[in-house]
Amino acid sequence: MKEELFEKDIMDFVDGKAKDISNEEAALIGHDLKQIVYDLKSMPLEKVPTTTDKSINDFIKGIPQQKQSILRLNKWWPVMVAAASFALLILVFNQGNSLQDDYQILASNPDKLNFIYKLNEKELNGSDIAWLNSELKKENNPNIKVTIVDLLNNYQSKLDNDFIRQLEDESTPSVQMALLNTLEEIQYEDLNNDLWAFTERKNLDNMVKSKASSILSKSTN
Amino acid sequence: MKKSKLLFLVISILSYNIGSSQIDLSVYDDIESVTVTSYWGDINVIGTEASADRVFTMEVVHTDSENNAVRLDQIEGYVDLSVENKQLYIETRTPEGFESIDLNLKIPAHLFLDLKLIKGGNIYADNLKNGVEINILNGSVKIERIGKYALVNAANGEISAEFENIDSDKPVSLVTMNGGITVSLPGNIKRDVRMISRKNGYIQSDFPLASGDKISLNTKQYSKTPIIHTARINGGGALLFLSTENGPLSIKKS
Amino acid sequence: MTVLTDELLLQKIIRGETQVLGVLYKRYSTLLFNYFYRVTKDYNASNDLLMETFARIHKYRHSYKPSRKVRPWIFQIGSNLLKDHLKKISKTISIHESDVQQIGVQPDRYSEISDRQRRTQQAMARLKLSERNIVTQYYLLEMSYEAIAETENITVNNARIKVCRALKKLKALLKDIKT
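Protein chains in written order, with numbering that gives the first Met the number 0: chain L, 0 to 220; chain S, 0 to 253; chain B, 0 to 178.
Warning: the hint list may mix true and false statements.
What the hints assert, rightly or not - Here are the computed distance ranges between Cβ atoms for each label pair: (1) S:Ile227 to L:Lys16: 41 to 51 Å; (2) L:Ser126 to B:Ser62: 36 to 46 Å; (3) L:Ser133 to S:Glu48: 35 to 45 Å; (4) B:Lys64 to L:Phe5: 30 to 40 Å; (5) S:Ser253 to L:Lys16: 43 to 53 Å; (6) L:Lys16 to B:Ser66: 20 to 30 Å; (7) L:Ala129 to S:Asn84: 28 to 38 Å; (8) L:Lys60 to B:Lys68: 23 to 33 Å; (9) B:Tyr42 to L:Lys16: 29 to 39 Å; (10) L:Ser126 to S:Asp28: 41 to 51 Å; (11) B:Tyr42 to L:Asn56: 16 to 26 Å; (12) S:Gly234 to B:Lys68: 17 to 27 Å.
Claimed, not checked - So, partial list: chain B residues that the calculated Cβ filter (under 8 Å) puts toward chain L: (13) Leu20; (14) Gly21; (15) Tyr24; (16) Tyr36; (17) Ile160; (18) Leu166.
Simulated from the structure, these hints should not be mistaken for lab results. Virtual Cβ for every residue (Gly too), placed ideally from N, Cα, C.
Using the sequences and the accompanying hints, generate a full structural model.
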């Protein structure tokens, strides 16, 4: 029993639960064991053989996919499944941004929306923002787009031409308005040319047009 | 739409009118979702329980540019129906002049609904248990007794949404550019709330909104400056996102 | 930075989104492979064990209890497989001095490790398989004593003692290995 308590004291020290050990003998052992554990932990890791990656890849492909509980299917579903699976596997077996990896596997709009909103709890870097810009361009659902713009609004100093150019392709008024609200606060020096072109667009919603014109008039005054 | 025309032939044979010009859609008994795409006109979608007599029907009303409204017995040329991957697509034709097509649908309550109104009209959906996604340009959206989740996006129109049995991990996102938003939620719901009202807004809430910011609640005074807040209901949970450019936000206990 | 937790990923796998298994594989394959390799010193066996671990994760996905963390659950599956493998080979295997250098990192990566680390891995090779296993569970997989206890079917206190004694044995072995 005494030996066990002695060893518990040692391991508490090795585990970092105790800062030091009062027993001198235990302290000596504890320091040596801590060094051994450190050496073991810091040994380089072997890479997993690529053949194993491929075998796992084949294994996953061989498992029949069950249908999703919430379907957002369209006529291109079989093609999309194949493309998404391929994209996923490319991502999984190559080192990449884990944010993108995680997002790629989300099949439904509610999951994607939750994911984007949760990013408010993270500190995003430049490549994350570039990725969000590309998602903003690709995404079809306007609610997800508005949530991305709301998130990117926190990183105004890191928004560049990619963000400004989102207006060019955007056709949903609520998303256009969300973009304009952020652009108004950025005060980007080359914004005016893009905004002039935008206000000339046909079928622009009156409220959106009025907002864009208001930003233009403020910047020219 | 070649495929849908072929399917229409099948539909013409299998579907028939039930009294008041209701098209029977019960042949689609194994689908999992309904996608409606329309241009002008009102759309009403009512979820029906499996025990109901007429579980799956559609009524189409065409109004021409002279404002003559006719309930259609034959929908060919006005509305296309097609099925792909257990998803029923209902698509109205591109408008000729100032015509509109109203759709009144009864669908099994367990089906997921994806609805897009490209030009304008009003949308009403009731008793859909598996979630809805709605996009509309001009017009209001009213949804009641909705389960699972909802994503609603409107340009010009107010949104009113009432939920029951909402999934604890699924978001609710109601976004309009011009109009107020009212949402009714079960009293025990846990949500992270993001509220944006850019102008002419106020926030009314039956729930205490825990927040790091100071929130002015239930004053009903229209603010000229943007109200942007993040808060929690009952300790927080999945997202409740409410955003309008112009109008108030109201969160009620159902 | 990652947002999707292991628990959420496993829930997706349970719901039938099997492609998500690839994401878990990406997260845990390197650790598990090194765990198997450092204990068995057998490259091919480590490959097979890694494959089998993920096959079992999928096979037994419904037995996962949502109240548990996924990481120890996966490591437990891997540890159990390794334990079975060690049982099979324990009667035939004997560690010779020539094998010793193969344990730990591959010889062509020796330049990446210090002399003390090289000696430590040589000492590791002289531990009994069961001791090497428990030490590797401890330092590489960072399994808690509770998780080790569950895998080894011993008490938590016993797990701590076993780790401590294996490490003390390593310390003693190190003295015998010349620099």
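Would you list, in rising numerical order, the hints stated earlier that this structure does not obey? none
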